[in-house]
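Engineer: Please model the entire structure based on the sequences and the hints provided.
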Amino acid sequence: MRIANKYTEMSDEKLMAFLEKGDKLAFDELYIRYAKMMKGYFKRMLWNDAEKAEDFVHDLFAKIIKNPASFDASRSFKTWFFSVANNMCKNEYKKQEVRKGTSNGLDEHFVIKDHQTDVMNEVQDQFFGKAFEHHIEQLDIKHSEVFKLRHLEGLSIKEIAEVLSANEGTIKSRLFYATKYLAESLKEFNPILNR
Amino acid sequence: MQTDDLEYILSKEYDELSASEKAQIQDICPSEEEFLQMKHFFFAVENYAQETANFDSPAESTKESLDALFYQTYQNKGVLWYNSLWLTVYAPEKKFHQKPLVRVAALLILSLSVLPFVGKQDVTENQFAKLEEKAKTQDSKSTANVENKQNEMVEIKVQSPIFTQKNQQKVEQLNIQLAQMDEVKIEDVAGEVAVSDKISFSATSINAALCSPTSVTLSATGSVPTQKFTWAHSDGIYAGAEFEKDKKSENEKSLAVLDLLTPTF
Chain F
0 MRIANKYTEM
10 SDEKLMAFLE
20 KGDKLAFDEL
30 YIRYAKMMKG
40 YFKRMLWNDA
50 EKAEDFVHDL
60 FAKIIKNPAS
70 FDASRSFKTW
80 FFSVANNMCK
90 NEYKKQEVRK
100 GTSNGLDEHF
110 VIKDHQTDVM
120 NEVQDQFFGK
130 AFEHHIEQLD
140 IKHSEVFKLR
150 HLEGLSIKEI
160 AEVLSANEGT
170 IKSRLFYATK
180 YLAESLKEFN
190 PILNR
Chain Y
0 MQTDDLEYIL
10 SKEYDELSAS
20 EKAQIQDICP
30 SEEEFLQMKH
40 FFFAVENYAQ
50 ETANFDSPAE
60 STKESLDALF
70 YQTYQNKGVL
80 WYNSLWLTVY
90 APEKKFHQKP
100 LVRVAALLIL
110 SLSVLPFVGK
120 QDVTENQFAK
130 LEEKAKTQDS
140 KSTANVENKQ
150 NEMVEIKVQS
160 PIFTQKNQQK
170 VEQLNIQLAQ
180 MDEVKIEDVA
190 GEVAVSDKIS
200 FSATSINAAL
210 CSPTSVTLSA
220 TGSVPTQKFT
230 WAHSDGIYAG
240 AEFEKDKKSE
250 NEKSLAVLDL
260 LTPTF
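From first to last, the protein sequence lines are chains F and Y. Numbered according to numbering that gives the first Met the number 0, the first sequence terminates at residue 194, and the numbering increases by one at each position without gaps. Numbered according to numbering that gives the first Met the number 0, the second sequence terminates at residue 264, and the numbering increases by one at each position without gaps.
Mixed in with the good hints, there may be bad ones.
[Said to hold, decoys possible] List of simulated lysine-lysine pairs, PhoX-like, C-alpha gap at most 25 Å:
hint, chain 1, residue 1, chain 2, residue 2
1, F, 65, Y, 21
2, F, 179, Y, 21
3, Y, 94, F, 13
Honestly, the hints are just simulated from the structure, not real lab data. Fair warning: this is a prediction, and the values are worked out from it, not measured in the lab.
Structural biologist: As structure tokens, then:
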């Protein structure tokens, strides 16, 4: 119990240092912290493909098991981990070349709840979600990845700059452009007013 | 305008915006309607992010596969206690000046460099005070000693003169005898004694403390054996010298005789 607490209180960077020495508990703690987050990230970045996201999560953690020394201890683990994940996505884009299109309409796994108003809101959100995914895919990768990292993954401008190896001014400019584009494209959706 | 500024502005109501803030969002939200639309957009994106964040955790099979890979990779690497200790102390993820080991080392060096100077001022002050006291006591002692010695010297001079009156008388008598002896003409007694031979007399068995010779012999020293001059004639007429060979060896004599008074003629 005490050992478990010790690991939960450790920073990501320290856990990586322990992992490099072959500490299994350190690896488990990192997996708990990031596996779910990275699966969501991969799913968003890879056309909502859950299976592909699962494979990418496996590959990402396999990278840090096989070559933990590739982590630069002077950097933040989170930004480094996202930059590795981002590079994996870019490689995948290059492989695929043809982007996976988004389908309009309801998700086939969508479950309708009993309450009528909730149903309407859920449908509205589903539509917005699909439209959002569609329009964000229309954006250039440079702009879409910045918007996703900022608003979907919750990274700060500084962290995004580190992940993408760009300066903060460039990131802000890209983000502003993406925001303006998406706001214009999704003008027809006004989820609050429709509720 | 910066996106962070836009997010901050959108957290407010349109009526609450200042003129400068409205000017900042003029190109993206020129009117109140556009402003509300933008606010709704961000709200919807936030909802979308929350919904899509509720993904299921990766499958158990993924974790099991990773565990197997981990054990395969690190099967020969055990977690040793000193690895943990080293990582804690060295902390490779931290900057050089933030590492605990570096901080401890710096503290140690600092304390070691300062330690010799701690309390030194007090010590020197104490030492100075002690030295001053010592010097004072030594001064007083030395002056007292000098005075005592001077007094002792005076007392010795007064109480114990080197020559007492009796001794002086004896010395005077000896001088007279010696003078008489001088008058004795020493002729060539044996013909072998050279004129150049020194005639000396010495005091034997002198009591050094009293400085009083008990007996005096007149002897001739030189290459010839020691001779004694005696007068056997009843009228005291010199009848010739009778030589007696001193049977004592020269070495024994030299040890027995203490030549304190050795006038040379």
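Engineer: All the hints need checking, so say for each whether the structure fits it.
Structural biologist: So, going through the hints one by one against the coordinates:
This hinted pair does not check out: residue 65 of chain F and residue 21 of chain Y have alpha carbons roughly 53 Å apart, beyond 25 Å. Among the hinted pairs, residue 179 of chain F with residue 21 of chain Y is consistent with the structure: their alpha-carbon atoms are about 16 Å apart, no more than 25 Å. Taken as a hint, the residue 94 of chain Y and residue 13 of chain F pair is honoured in the structure, with Cα atoms around 13 Å apart against an allowance of 25 Å.
The structure fails hint 1 only (numbered hints given earlier).
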